[in-house]
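Protein sequence lines correspond, in order, to chains F and A.
For the first sequence, counting from 1, position 197 maps to 197 in my numbering; every step adds exactly one.
For the second sequence, counting from 1, position 58 maps to 58 in my numbering; every step adds exactly one.
Keep in mind that a hint or two might mislead.
As the list claims (entries may be wrong) - Calculated lysine to aspartate or glutamate pairs in the EDC-like style (CA-CA distance at most 20 Å, straight line):
| id | chain 1 | residue 1 | chain 2 | residue 2 |
| --- | --- | --- | --- | --- |
| 1 | A | K319 | F | D31 |
| 2 | A | K48 | F | E34 |
| 3 | A | K276 | A | D292 |
| 4 | A | K258 | F | E85 |
| 5 | A | K319 | F | E34 |
Hints in this document: simulated from the structure, not taken from any laboratory.
This one's a predicted model, so the numbers in the text were calculated from it and none came from an experiment.
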Amino acid sequence: MRRSFGWTVLAVFAFACAAHVKAQEAAPVPDTLEQRIAACASCHGPHGEGGHNAFNPRLAGKPAGYLLRQMQDFQKGLRHYEIMEYMVAPLDEPYMREIAAYFAGQQVPYEKHPTPAMSPAAMARGEQLVTKGDAAKGVPACMACHGPNLTGVQPDIPGLVGLPYDYVSAQLGSWRTNTRSTTAPDCMATVVSRLTDADISAVSAWLASRPVPPDAHAEPAGSVKPPLRCGVLGG
Amino acid sequence: MKTTLQIAALLVALITCRSALTRDALAEGQYLTTIGDCASCHTARNGKPMAGGRVVPTPFGAIPSPNLTPDHETGLGTWRAEDFYQALHSGKAHDGTSLYPAFPFTSYTKVTRADSDAMFAYLKSLPAVRNPDTPNTLRWPYRMRSLMASWRLMYFDEGEYQPDPKQSAQWNRGAYLVQGLGHCNECHANRNSFGAMVTDPFLAGGLIPVQNWYAPDLSMGPEGGLAGWSEADVVALLKTGRSSKGSALGPMAEVVLKSTQHLTDDDLAAIATYLKTLPPRAPVRQRGNAVDAAQVAQAGQKVYAQHCADCHGADGRGKGDAYPPLDGNVSVTEPTGINAIRVVLSGGFAPATASHPRPYSMPPFAQVLTDDDAAAVVTYIRHAWSNRASSVSPNDVRAYRSTPGGI
Chain F
1 MRRSFGWTVL
11 AVFAFACAAH
21 VKAQEAAPVP
31 DTLEQRIAAC
41 ASCHGPHGEG
51 GHNAFNPRLA
61 GKPAGYLLRQ
71 MQDFQKGLRH
81 YEIMEYMVAP
91 LDEPYMREIA
101 AYFAGQQVPY
111 EKHPTPAMSP
121 AAMARGEQLV
131 TKGDAAKGVP
141 ACMACHGPNL
151 TGVQPDIPGL
161 VGLPYDYVSA
171 QLGSWRTNTR
181 STTAPDCMAT
191 VVSRLTDADI
201 SAVSAWLASR
211 PVPPDAHAEP
221 AGSVKPPLRC
231 GVLGG
Chain A
1 MKTTLQIAAL
11 LVALITCRSA
21 LTRDALAEGQ
31 YLTTIGDCAS
41 CHTARNGKPM
51 AGGRVVPTPF
61 GAIPSPNLTP
71 DHETGLGTWR
81 AEDFYQALHS
91 GKAHDGTSLY
101 PAFPFTSYTK
111 VTRADSDAMF
121 AYLKSLPAVR
131 NPDTPNTLRW
141 PYRMRSLMAS
151 WRLMYFDEGE
161 YQPDPKQSAQ
171 WNRGAYLVQG
181 LGHCNECHAN
191 RNSFGAMVTD
201 PFLAGGLIPV
211 QNWYAPDLSM
221 GPEGGLAGWS
231 EADVVALLKT
241 GRSSKGSALG
251 PMAEVVLKST
261 QHLTDDDLAA
271 IATYLKTLPP
281 RAPVRQRGNA
291 VDAAQVAQAG
301 QKVYAQHCAD
311 CHGADGRGKG
321 DAYPPLDGNV
331 SVTEPTGINA
341 IRVVLSGGFA
351 PATASHPRPY
361 SMPPFAQVLT
371 DDDAAAVVTY
381 IRHAWSNRAS
391 SVSPNDVRAY
401 RSTPGGI
């Protein structure tokens, strides 16, 4: 009796083990976009919430047209970042459109990023540039295009709040060093060419210090009238 | 009156017929330029089609591709069909100067005059784009074109493809495409120190200079790089970018995207038929293993279990259409280990092709794995299952940390 009990346990165990191995083997790869774009998620987060460092930006909730254009700009060599250029090189437009729509549709809480210590004067300068611009230097307010709440405008203009200081200042800097550009006329390049290094720091710090509105979303299409001609907005 | 009408009708019919014929000829020319993958070099990133300007890197300096649109001053506007044939067939520009072999005339010489004319007619039909040549950056002495005379004597075998009467029409079509327009051997062979491709053995694999991806041996025999591949696998890879044996990576992904996915099923089958008959090779000599290779592989097995097994399977057999097998995968076992190192570091998508439009992807592990861990896991997959390739070192990994694409 004892012996047969032992055999039964063994048989049950063997069966369970075989079933487990079989289940593992047979587990099909999920036929989902999330599974297909595991490479994106590994740096930007499964929902595009952004990486834990300052340089893998949040993608969640950014307008789809903007996200698609960034991938196309990496393909065209207008925007430079080697791993991204490599990653999107073999993709075609319909697939990139689908990926852009996925991240644009994600709603996840914003991560809080530290604001660098800046002098009150620098923060005031940052606020001035963001909200009013600097007419004497021909710099329009960031809000003029990126929306009154700086949360972006559908379908092509990204929000500027909820981004780390290092990311915003690196992007503004990269327009200056020609490692980021886009379809001509590249109005952001024009704006950045009129900013000093101190202006870039001030703008980036003030933007990083802004709280993200609780229901942050991009404004409806056509709700802003850009003061400059921009290729990305149809010239 | 009736006669006039009849003549008019005949004229209309003739003109319609002629333009239809011209369209067919142009379509054929376009198809041939696609097989030749002319656009990969002659269309710059974000540039106008065939207007040149993409820089071809070589160990001797960079060579920007010229403009192939019919612009009179900067393109092929003043070229005649015989000039174009001379370029393909003899590697000479229309003023008679020798072209550099970054332009693969060493392969294109196999192209027939009829195919050359069709391609030329297609190029002439493109919108003319003004895009002047930019100078190459060839170093001395390579920038002296006169040296090409002796290079050509030593390494250039001029002549159209001669069909082998002992082989089938399909085999001959495959050989014509692979040896000629496909110019496969320009990458899938080693090059000597003068930049000339090795042609014997043919398509036996080699490291692509500057780009540093290993283009594997394409023979399907027991010691070949594609040992175990069926003709259907070859067709699948060329058409979709992936097969049950592995996916197209790096420069080959671009070749699939721009060229081979557009080939007809007949032409792809012909290519596979030909590759299947490449003669047997001597086994490739792997460089030696590091003394601690077994230990390193053991450490690599842990990394593999943690990061790789979910998709590629503990048994290295991959998962269906999504994730390629690593057991018996030539990108894993190629002699240098470079391909596996680069894929581990950079990950990436298989090419999005018409028949495989939403490929799965692999995360880049450059920021996750140390040089030691990456070397360990690559060493492991090169040793595991039926794989018997040499170990790689942390130094090998370090060399590719900052070069994701290299294309």
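Evaluated hints:
1. A:K319 / F:D31: holds, 12 Å
2. A:K48 / F:E34: Measuring from Cα to Cα gives roughly 34 Å; hence the hint is violated.
3. A:K276 / A:D292: violated, 38 Å
4. A:K258 / F:E85: holds, 17 Å
5. A:K319 / F:E34: Holds, at about 17 Å.
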